[in-house]
Amino acid sequence: MEKSKTLKLIYTFLIVVYFMAVLSILGLDLWNKFSGRNTQMSPYLYWLIFVGWLAIVYRFKGNSGFSLKPAMTLLVVASLLIIFGVREIGEILMKISFVGWMVGIGQSLYEKWRSS
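Heads up: the sequence shown begins at 6 in the numbering used here, then just goes up one per residue.
A couple of the hints might just be wrong.
Unchecked claim - Calculated pairs, DSSO-like style, for lysine-lysine (alpha carbon to alpha carbon, straight line, at most 27 Å): (1) K38 / K8; (2) K66 / K8; (3) K117 / K38; (4) K100 / K66; (5) K74 / K38; (6) K117 / K74; (7) K13 / K100; (8) K10 / K100; (9) K100 / K117.
Simulated from the structure, these hints should not be mistaken for laboratory data. All figures in this text were calculated on a predicted structure; none of them were measured in a lab.
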């Protein structure tokens, strides 16, 4: 098998496993809410978002603007949602934008270190 085909197969497998993990955590979170359990699955979801965001940045070799621009957009949208009373969705978007800020700041520091 060719090297590029093997890499595509590995990437496809990792993407499928990633989305299965996200869907499993979302399913467990919904099951916990409807069954009356008090277990929080959202921290695991935010860690998966963080790992996925890092993988996208690494795969497409984006610069710091690749993460900071969407993070700023999510922050503005989240702030507007909170102002207009949709607090739960706004808080979730704000947490995701924080993940984007952390990845973007890490990218900026890496770019600065690499250029000097």
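Right, here's what the structure says about each hint:
1. K38 / K8: violated (45 Å)
2. K66 / K8: Measuring from Cα to Cα gives roughly 20 Å; hence the hint holds.
3. K117 / K38: Roughly 44 Å separates the two Cα atoms, so the pair is violated.
4. K100 / K66: Given pair K100, K66 holds - Cα atoms ~24 Å apart, limit 27 Å.
5. K74 / K38: violated (33 Å)
6. K117 / K74: holds (18 Å)
7. K13 / K100: violated (31 Å)
8. K10 / K100: violated (36 Å)
9. K100 / K117: Holds, at roughly 26 Å.
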